[in-house]
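Protein chains in written order, with the working numbering: chain A, 1 to 355; chain B, 1 to 355; chain C, 1 to 355.
No false leads were slipped in.
Below, a list of computed lysine-lysine pairs in the DSS-like style, where the Cα atoms sit at most 25 Å apart: (1) B:Lys347 x A:Lys347; (2) B:Lys85 x B:Lys68; (3) B:Lys319 x A:Lys336; (4) B:Lys336 x C:Lys319; (5) B:Lys85 x B:Lys50; (6) A:Lys336 x C:Lys336; (7) B:Lys203 x A:Lys236; (8) B:Lys272 x B:Lys236; (9) A:Lys203 x C:Lys85.
Note that these hints are calculated values from the structure, not bench results.
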Amino acid sequence: MNQTCTVAQLAQHVGGTVVGDGAHVVSACHGLEDADAVHVSFVANAKYGKHLDTTRAGVVLVAPGTHKTVHRAADLPPLALIEVKDPYYAFQQAVVLLHGFRRQPAAGISPLAVVDTSAVIGADVYVGAYAVVAAGVTIGAGSVIYPHVAIMEQARIGANCILYPHVTVYDACVLGDRVILHSGCVIGSDGYGFATHAGAHHKIPQVGNVILEDDVELGGNTVIQRAVTESTIIGKGSKLGDCVVIGHNTHVGPHNLFVSQVGLAGSATTGKYVVIGGQSGIGGHMMLGDGVQVAARSGVLGDVPAGMQVAGTPAVELKLARRVAMQQLTLPDLVKRIRELEDKVEKLSAAGPSA
Amino acid sequence: MNQTCTVAQLAQHVGGTVVGDGAHVVSACHGLEDADAVHVSFVANAKYGKHLDTTRAGVVLVAPGTHKTVHRAADLPPLALIEVKDPYYAFQQAVVLLHGFRRQPAAGISPLAVVDTSAVIGADVYVGAYAVVAAGVTIGAGSVIYPHVAIMEQARIGANCILYPHVTVYDACVLGDRVILHSGCVIGSDGYGFATHAGAHHKIPQVGNVILEDDVELGGNTVIQRAVTESTIIGKGSKLGDCVVIGHNTHVGPHNLFVSQVGLAGSATTGKYVVIGGQSGIGGHMMLGDGVQVAARSGVLGDVPAGMQVAGTPAVELKLARRVAMQQLTLPDLVKRIRELEDKVEKLSAAGPSA
Amino acid sequence: MNQTCTVAQLAQHVGGTVVGDGAHVVSACHGLEDADAVHVSFVANAKYGKHLDTTRAGVVLVAPGTHKTVHRAADLPPLALIEVKDPYYAFQQAVVLLHGFRRQPAAGISPLAVVDTSAVIGADVYVGAYAVVAAGVTIGAGSVIYPHVAIMEQARIGANCILYPHVTVYDACVLGDRVILHSGCVIGSDGYGFATHAGAHHKIPQVGNVILEDDVELGGNTVIQRAVTESTIIGKGSKLGDCVVIGHNTHVGPHNLFVSQVGLAGSATTGKYVVIGGQSGIGGHMMLGDGVQVAARSGVLGDVPAGMQVAGTPAVELKLARRVAMQQLTLPDLVKRIRELEDKVEKLSAAGPSA
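Working from the sequences, and respecting the hints, build out all of it.
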């Protein structure tokens with residue numbers, strides 16, 4: 001069951017100001033378009049503000065001053081607004097307040113799990129049926145290991161982690177606290193390292209590991225290759241989407257956001273707060289400075305200085321990339337104009353100085 | 001063992017006309033190039049019609065009138081044709097007739113599966129070893145749950161579904177009837193939703209679910225994110241390839257075809273019969289109308305009206321995209337021509353009006 | 001524990017020549033930049049040669065003659081070099097010598113595995129807890145089947161293979177010897193084959209299989225579709241990265257290297273020693289000749305003759321692709337120059353013959 005609260009209580013919780021009926025009771029969060037009176041919704045992007053004129057939501061979290069721009073027909077139900085500096089963060093708080101996070105299974109080790117006698121399991125840990133915890137593994141207090149998770153030898157899992165079904169953590173990999181791994185994640189499989197010699201590709205043992213720092217979350221079926229030597233690192237607080245692939249010896253900085261299907265080749269490095277859009281790729285050994293933003297579907301083939309926004313393949317400064325993308329579409333016209341110029345110049349030359 | 005049939009029987013089954021020996025017996029389907037007398041093959045694309053002059057297949061399913069275009073050397077074995085309006089569909093019928101679908105395990109619940117006592121399991125369901133069916137789950141009659149499948153709390157599986165090994169269905173997700181999920185599919189992992197505030201990315205609980213309607217099929221390791229609120233939906237009869245990622249709150253319409261490695265960002269919407277080629281990406285909140293076709297490796301960054309074919313990144317109308325792609329390759333030549341024009345115009349200007 | 005050896009022993013092992021102290025003892029491989037005296041490192045690319053002036057590694061594997069280019073400050077610890085023709089292969093040999101490959105579990109079949117009585121298991125095979133080996137499967141001597149692996153009916157696994165947790169091998173697929181499959185690989189799921197008829201997409205039973213020849217290695221979560229009829233083949237010694245998808249009936253030649261997130265559509269064919277960079281896609285039915293190299297993020301839409309290097313989408317000859325990519329960035333300038341030319345020509349025309 002969801003919690004309920006009044007609009008005024010919610011406003012207090014998120015630090016906002018009520019415009020409308022503070023006594024109205026809400027019980028769930030919902031998208032703006034087909035919400036009804038029990039619902040909390042939000043507008044974080046002014047582009048969607050027009051829906052405020054028609055929504056049937058009970059209350060909407062909006063930016064300060066928004067109430068002045070709303071014009072609602074008389075036959076619509078009343079709409080309360082909560083004006084707050086960061087409506088999207090306020091929405092996050094509202095979802096946590098009314099719905100909470102997924103209720104995890106109660107602590108306890110399933111008799112159907114295989115936990116090696118040498119493994120060290122903290123307090124209040126859940127290990128589900130058919131999970132396998134190998135020799136020398138440690139699992140910190142409060143962690144949740146779902147059914148079918150495989151944790152190989154000497155891996156270390158921090159406290160309050162959640163590993164969903166079918167996650168594999170290879171040997172000697174290290175997870176910090178509060179790490180969340182969605183189903184099918186592969187942590188520490190061998191890096192793609194082969195020395196081609198005399199016609200064969202000789203496998204280089206990948207003897208490093210993977211370190212996922214505190215508060216990392218990885219989407220479904222994401223793969224982090226272990227380092228050839230030393231460590232592949234995903235920095236504190238970074239969040240990666242689904243089917244992302246991180247090459248060996250890559251160092252992802254703290255608080256990065258990589259959308260689904262991104263790929264980073266080996267030995268790449270990113271700074272703090274780097275954002276990479278979906279399906280983009282970063283070449284091997286590239287360095288992305290703090291705050292770099294890479295648009296979706298870009299291919300980064302060179303280092304990118306801190307703070308720069310890039311797009312395209314090869315990725316260049318965002319504004320140039322956009323301008324080039326627009327002008328490419330005029331190529332048929334440009335070709336025609338060049339042809340016409342050639343004709344005219346030909347005629348002028350023929351008429352020429354003798355004219 | 002495969003079934004066998006005569007060419008005449010097969011023609012009757014697919015509603016086609018025999019040209020050649022209707023009494024010839026065939027027993028298997030096969031590619032055209034190295035087929036032999038027992039084989040049924042097909043030509044759906046006239047481009048491959050030339051192989052009819054040399055194939056050793058017993059019978060080939062072809063478009064009406066094809067027999068007039070075939071010229072075979074005297075020393076080749078006789079070739080029967082079945083002329084039929086839709087040879088590819090006829091081939092589908094032939095494969096079903098002669099080979100059938102994969103024989104699934106007999107109904108029954110493995111004593112090595114964990115099925116919560118509150119789960120409701122229909123008639124003739126198979127649940128394999130080491131599958132886990134959590135509290136409140138329902139599974140419809142005739143469904144096949146392979147070993148290692150994890151179905152989390154309150155999920156609902158329709159009738160005659162097939163879930164291959166290592167599929168995860170998260171809590172509260174809903175599958176219609178005859179849904180097929182290949183190994184490693186992740187249904188309903190958390191959507192990629194974080195509110196960045198004061199330097200940290202705060203996880204937004206994803207309290208919606210995923211709905212896969214009837215007759216959906218998903219390839220291996222495909223991930224469908226659950227909605228933040230409400231549902232991520234894959235419409236009836238839609239077929240997605242491998243390693244596809246569908247963002248939260250996205251609504252895929254009925255009868256869509258998405259090839260492998262496609263990605264749809266959050267809150268995108270597609271109409272009926274949309275086709276998306278491999279490795280293409282659709283931006284967040286984009287709307288694709290009925291019958292839209294997106295070429296492989298395209299990036300759709302705007303809405304696409306019904307019936308339109310698009311290609312490229314950013315995706316534009318297919319013919320323009322192709323023309324631009326061709327003309328880009330002439331850029332070195334265009335640059336040269338511009339330089340030459342500049343020289344000539346320079347000379348003309350110098351010679352100028354005073355000439 | 002790692003092995004240890006002297007620089008002279010290592011030089012003899014890799015067939016190189018010592019420049020420096022052959023008696024120095026090393027015990028581990030490490031990246032060049034933060035190595036110390038016990039470490040072996042390498043420089044395979046002259047670009048990274050400058051690090052030789054400052055590294056604190058005990059010994060570095062380098063190309064012949066490199067010692068002449070090294071200039072080290074007097075206060076740095078002594079550096080030994082081993083000059084050898086192929087330093088990267090020498091490094092591979094060093095890692096094997098000092099670290100070895102992952103120590104695999106001891107042979108034996110877990111009492112918690114399900115192995116069908118009709119399965120034929122070779123000598124010295126390991127089958128981990130919760131693995132499922134179905135009817136008619138064969139597993140060759142020395143193979144390692146990790147927990148949670150699912151091997152479906154009639155599949156054949158060669159000798160000395162390693163299947164990591166959560167691998168699925170579908171029915172009737174065939175693996176050669178020494179095949180390595182990382183976690184989450186899906187071998188032989190149904191090819192993407194549907195015949196669209198009267199508004200529905202009819203599934204074509206995929207009755208072929210997958211053949212992985214000897215010494216193939218696949219990264220995490222890679223998917224190989226089974227053939228509609230006959231076989232999808234990955235040739236001997238080929239190495240594929242993570243989240244790669246190979247379509248049905250595709251034939252990958254021997255000794256290919258495909259980096260992560262590559263996709264090959266159905267019925268494509270590659271020759272020997274083909275290399276495909278990350279996130280690239282190959283269209284259906286395309287043929288890539290021996291030694292073809294495809295740059296990262298390319299889209300191959302036509303056949304590519306042997307030995308050619310290609311890049312871009314649609315992929316063209318590498319040098320042209322690079323030149324075009326550079327010149328695209330000058331489009332804003334080209335447009336300006338065309339506009340200026342038009343102005344000048346307009347003026348010249350106006351001044352014209354009457355001048």
